Structures are given as C-alpha cells and as structure tokens.
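Trainee: First residue of the sequence shown? That's 1 in the UniProt record's numbering, and the numbers climb one at a time after it.
Don't read these hints as lab results, they were simulated from the structure. Any given hint could turn out to be false.
Pairs of lysine-lysine, BS3-like flavour, derived with a Cα cap of 30 angstroms [stated by the list, open to error]: (1) 385 / 88; (2) 88 / 327; (3) 118 / 88; (4) 527 / 129; (5) 129 / 118; (6) 660 / 383; (7) 118 / 79; (8) 129 / 88; (9) 385 / 327; (10) 406 / 385; (11) 660 / 406; (12) 327 / 383; (13) 527 / 406; (14) 383 / 406; (15) 385 / 660; (16) 79 / 129.
For clarity, every value in this text was computed on a predicted model and none was experimentally measured.
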Amino acid sequence: MTFSTRSALRASMLGLFIAQSIAQNSSYSNSTAKLEPCAVLSAAAANGITQFDAGLAMACLQSIPVDVDGDIQEILGLKVLSDLAYLKDPPPGYLYPGVDILGGLDSILTGVQAGAYKSDYDVQLDLYKLVTSAYDFHFNWVPDLVDVFGWMREGRLMSLSSDSVSLPEVYDFRDLHAFGPHNFSSSSYTPSAVTHINGVDSETWLNEFAALNPWDHDPDANYNNIFVNIPRAAVTDGGGGSYNAGWLYQGDDTVLTFANHTVRHVHTYARTSCDLSGVTDGPSFFRQCTSQKHSTIKHSEGASRVSSQNAYTPVPTADSSLRRPEKYPQPFVSTSGMTLAGYFSPDQPDVVVVACPSLNSANNYDFQNAFRSILATARSVGKSKLILDLRGNGGGTVRDGYDMFKQLFPSEVPYGAANLAAFPLVNALGDITTCQMAIKNRTDRDVTWIRDYDVIEDLTISLTHYGSWADFYGPIQRNGGNFTNLKRLNLTDRYSLVEPVYGTCAVFAELMKSQAGVHAIAVGGRKQHGPMQWVGGSKGACDVWMGEIAFSALHALDVATAAQLALAEPYTEMESVKHALTRVPEWGRYRVNFENNIREGDDSMTPLQFVYEAADYRFFYTSAMILDQSLVWQRAYDVRWNNGSCVSESTGHPSSVSGKLMEL
1 MTFSTRSALR
11 ASMLGLFIAQ
21 SIAQNSSYSN
31 STAKLEPCAV
41 LSAAAANGIT
51 QFDAGLAMAC
61 LQSIPVDVDG
71 DIQEILGLKV
81 LSDLAYLKDP
91 PPGYLYPGVD
101 ILGGLDSILT
111 GVQAGAYKSD
121 YDVQLDLYKL
131 VTSAYDFHFN
141 WVPDLVDVFG
151 WMREGRLMSL
161 SSDSVSLPEV
171 YDFRDLHAFG
181 PHNFSSSSYT
191 PSAVTHINGV
201 DSETWLNEFA
211 ALNPWDHDPD
221 ANYNNIFVNI
231 PRAAVTDGGG
241 GSYNAGWLYQ
251 GDDTVLTFAN
261 HTVRHVHTYA
271 RTSCDLSGVT
281 DGPSFFRQCT
291 SQKHSTIKHS
301 EGASRVSSQN
311 AYTPVPTADS
321 SLRRPEKYPQ
331 PFVSTSGMTL
341 AGYFSPDQPD
351 VVVVACPSLN
361 SANNYDFQNA
371 FRSILATARS
381 VGKSKLILDL
391 RGNGGGTVRD
401 GYDMFKQLFP
411 SEVPYGAANL
421 AAFPLVNALG
431 DITTCQMAIK
441 NRTDRDVTWI
451 RDYDVIEDLT
461 ISLTHYGSWA
471 DFYGPIQRNG
481 GNFTNLKRLN
491 LTDRYSLVEP
501 VYGTCAVFAE
511 LMKSQAGVHA
521 IAVGGRKQHG
531 PMQWVGGSKG
541 ACDVWMGEIA
551 FSALHALDVA
561 TAAQLALAEP
571 YTEMESVKHA
581 LTRVPEWGRY
591 RVNFENNIRE
601 GDDSMTPLQF
611 VYEAADYRFF
621 YTSAMILDQS
631 LVWQRAYDVR
641 WNNGSCVSES
651 TGHPSSVSGK
661 LMEL
C-alpha cells in the first residue's frame, strides 16, 4: 500500500476553486469573504462547487446567532411529546446507560435562557445528541441545522474475518477486490488492516464513533452500521456506512494507519441541498436554509394497494429478466424495488433463500404476492428448508410482516400485543376519537386522523373488543411510568384507507421467535467473542412522526366537546409543537416510538426494546462473503443444519431459542 496525494491535491484544488469564485464575484469584498464563511460558501456554490471544505462549512454553522425565543419554543414542543420512563431507568440486561431525556431538555433550555450557547447550531447539536443518546431507531430528532450539511468521507470501511469465526480486522473497502474470491490476496498487492484511526487504536475509535452515531439499541448493531451494508445498498442509495456519511462533523481529515505502517489521509467534505444564493452571513444562512418557512403540518398517506391477492402460483426457477442486485445471484422472484427476492442455491439443493432488506414496499399486495410465489415455487421443486435474510431491514408496514408470518405458519394466530405510554395528550385524543367513531363513518377522509387512536377497532389480548377508551387507557404503572392496557391488531376489520407504519421487522421477528421457535443468526458485530443480539434496530411496535400527532391533535381539538377540551387543556396551545416541527427538514426526521412491543405472558409488560435477546448463532463476514452474498447464506446453512462452527461463546445464551428462551 502506497500513500497517495490525491486527497491533499483535491483539497488544494477545492481551495483554489473557492478563491477563484470569490475573486470573480464582485458582490463580495475580500474582507467580507474572510470574515463571513457562509459568504465564501455562497460564492463557491455560485461557481458550481458542490463539495465544500468541511471546516469552512462548520465555521458557517458556528456563525449563526442563537435564536433564543425560537429555541425555547422548540424545546417546549419537544417536552410536550415525550414520555420515556424506561429510557431513564432501563432494566438489567440493557446494554446502554439510562438517559433522562426530559431532564436533558431542561438543561438545554436553561443554557439557552442563560446565554450559554454561542451559536444556534450548538443548541440544535445538543438536542440531536440528547435524542440519539436514547439509542432508539424509532426516536429521532434531526433538526435543520444538523441536517443542512452532510459530512462525507472519501472512502468506506469493512470488517472482515479470515475464516468467519476468528476475530475480524478492519480494512479500507477499496482493498476488497485485492482479497480475491477465497479470503486471501489474489495479486501482488496484499491488503493491510487498519490499526489506528487519528492516532487512536482502531477498535477504540470505532466503538466510540459507533456510540456517537447511534440508530440502534444494540452496540453490535451500531458497530455494524459503520461499515458497508450490501443488503441495504440493494434497495436504497445508502449502504456506505456511517463512517462514509453522517450528520456529525469530525474534522477535516481522518488519518488511517495500517498494519504495514503505511498511512492514508481521508478527506472530509460537506454537501448541502440548500440554495445558497444570496447568503452573506450566518443570519442570512439561517433564514435561507432552515425549515421555519415550511410550517405546514402534513398528514402522510399509506402504501398503495391493488385490487386482489394472487393464488399460490409457481413460477420458473430462473428468470434472467429480473433485476440482479450487485454481489447477489440471480433471483427467480422479486418485487419491483427489490424489497423481497427469492433465490435458489446450487450448493444447497434443499433450501430456498428469501432476502428481505425492507418491509416498506410501495405496494402491499405486490410484496405479499411475491412471497406467495416464492413459497409456491419452492414447494413445487421440493425445497424443505428456508433461510430468511433480514439484514439491513428497517421495518415497514405491519400487514406485510403479519402476512409473511401467516403464510409460513397458517395455523398460528399472531399475538403481537402492544401498549402506549399513558399521558394526558394521548388520553384526550383517544377520548375524542371514541366519540367521533360513534357518529361518523370510520372510512371518511375527514376522520383518517384517528388511525393511531382507533382502539375500538383493536382487540384485547383475549381477542375481544374494548368497550370504551377508558377501558383501554387505564393507566397501569410500570417502571415509574404510566402505560395503557395491552391491545392486539384486528387485521380482519381494520380500515385500509391509511396504512399504519410499524416497526414491522421487530414485530415479525418476535412472532417468528416466540410463537414459531425459529432459530436466528447474527452476522458481524464488535471484535469480541460472545453472543450478539439478532434484532439490532428498534424493537418498538409502532413509530409515529410528530407531525402525525400534531395533525391529530389539531383536528381533534376542532371537534372536541367542552368536557374534552378541559381534559386536553394542557395541549390546546400547539404553537410550541408546531414550532418544533418547523425545525425539521424532512417529514421522517422527527418521530417517537408510539407503541411498545410486549411479549406474550410477560406480566411485567417490559417493552422488548429493553429486553436482551441473543441470536442462536453468530459468525463474522469474510471478504468472499462481501463479494458474493450467496456465501453468507451458505455459511448460515452450515451453522444451522450442519453443526458448523460459530464465534466462540456465542451459542446457547438463555435468551435464545436454542438456549431454552429465558423466562421473563
């Protein structure tokens, strides 16, 4: 490995282009350009520059004055919509420390009021870091000033084991093809592992970085997220890993030191979708690039549907017309967006593989019919084993998850119980909804806002209907917080005009484990022996965008009776909530976990988000597996059905199916 000056040259060229653009733009004086980094960015953008110096972009953000009044409203709006008892005091076995979100909001509010912040970016960054310290994929707050620049590194990383069970090393992804197809160097160039990052031991740096860029409740999952994710790349433009792109500025350069003592400098640059025309300083950047001017509260629509489901119809076992994702074999069935695909392996003649990197399909019946065709075709050619690959899956619509489970286990009745945090706003909305349901057709478009509070259409754990909202609401006290009674989905009589979005991957995984006893395999994770959890993202049952809650509240208050208005009195002033929503650049960047996923028979009603659940087996990636995803399935087949070797001390954990499933 030889050191390349490409990064340094690119940085020099970038500086030259910026300098040229300033000189050519007479609207900015040299003194203004030196004093106002936002003006420098604007001038560069005017000359076609799209990749900006990271330090310059950060200096621009730091020049934005604190919006004291707006920030106070924003924080109050966040407090209105928070109830986080388990995060404050997590049960034993939870792998991250507890965090007092409401106390943290109070601390930031005090700092804003006392003038402790020097820029509005620092306020928004502290809010972002506070929310991410919850380590919950369903609890997101990415404010506009944190989102306005994406920080991009020139390069990606991968974690590779020599044999899938030995502890892995970290490599530059550009070295992948030098390994060849058999996990060893295939050329005169020998890849070398990364031993240090910015002078720090690579594993120490990576684990600290994973904790700063968390989306998941599990440290191994957050570690995996640093690296290239091939399944995720098959369905999205992402998959490069959090090392490659993220929302946190980490300096202008990253220095990689390799085992062979060579050094590689990795440049960081900033990108933005904001139109920088007319930006002259921090205040004008704030006016131009924050979301406050987009103050409309919207209501989302669900996935589209078609008229009917298809029968179980076998299809040809080879179809070269279907899209073949990079590093995958040819599927014989797939959805249009590759959210579901079926594969056969010549090396395992008795197995069918279903790759499902997303349950968020554009069309529910397209997804469900594809799964039917996969199973029908597999049965028609005598397949007896199924590998279901859920790597990279971030959830989606609940009907697809339940449909998959029922197709696999038609005699099982999915349990899928959930509860809600019980606090006044939820109580008010539920009470108003119940009254509206009694006087309106529940499919009318003007009552679609009730979808998250329509408990009359849900069921008790005994599959009977609740008689009233009060019967469901409770509240029941657990772990220092108040919660509703449990409810189960009524999938036979639920209006389909608006499709609820759930943490479907986790709900489906719970059904497969607790009701069907299916074994689970985890791949990758931190450089250590021992078990790894098989569901790394949120295990909440349902997430709701804050805009949905505000939308529901505003409509509910319009039709509430005097008594209901009194119940909702603390929330009749929604300005703080609306202001918080205007600081979010995209609809999905502000959401909460709305329903907790509760295991059948658990009298403690502990949300599964806070229950440790190890996989039955674990192995690491090899370079050959990255190059050919079918080798991942081959390895999974070996550990499950051929008694193949696993990572040391990773099997038999009492929380796994093979470990007898720990009693709660």
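Trainee: All hints, please: hold or fail.
Mentor: These are the hints, each one checked on the structure:
{"no.": "1", "hint": "385 / 88", "in the structure": "43 angstroms, violated"}
{"no.": "2", "hint": "88 / 327", "in the structure": "43 angstroms, violated"}
{"no.": "3", "hint": "118 / 88", "in the structure": "29 angstroms, holds"}
{"no.": "4", "hint": "527 / 129", "in the structure": "25 angstroms, holds"}
{"no.": "5", "hint": "129 / 118", "in the structure": "17 angstroms, holds"}
{"no.": "6", "hint": "660 / 383", "in the structure": "28 angstroms, holds"}
{"no.": "7", "hint": "118 / 79", "in the structure": "23 angstroms, holds"}
{"no.": "8", "hint": "129 / 88", "in the structure": "16 angstroms, holds"}
{"no.": "9", "hint": "385 / 327", "in the structure": "23 angstroms, holds"}
{"no.": "10", "hint": "406 / 385", "in the structure": "17 angstroms, holds"}
{"no.": "11", "hint": "660 / 406", "in the structure": "24 angstroms, holds"}
{"no.": "12", "hint": "327 / 383", "in the structure": "24 angstroms, holds"}
{"no.": "13", "hint": "527 / 406", "in the structure": "37 angstroms, violated"}
{"no.": "14", "hint": "383 / 406", "in the structure": "19 angstroms, holds"}
{"no.": "15", "hint": "385 / 660", "in the structure": "22 angstroms, holds"}
{"no.": "16", "hint": "79 / 129", "in the structure": "16 angstroms, holds"}
Comparing the model with each earlier hint shows violations of hints 1, 2 and 13; every other hint is respected.
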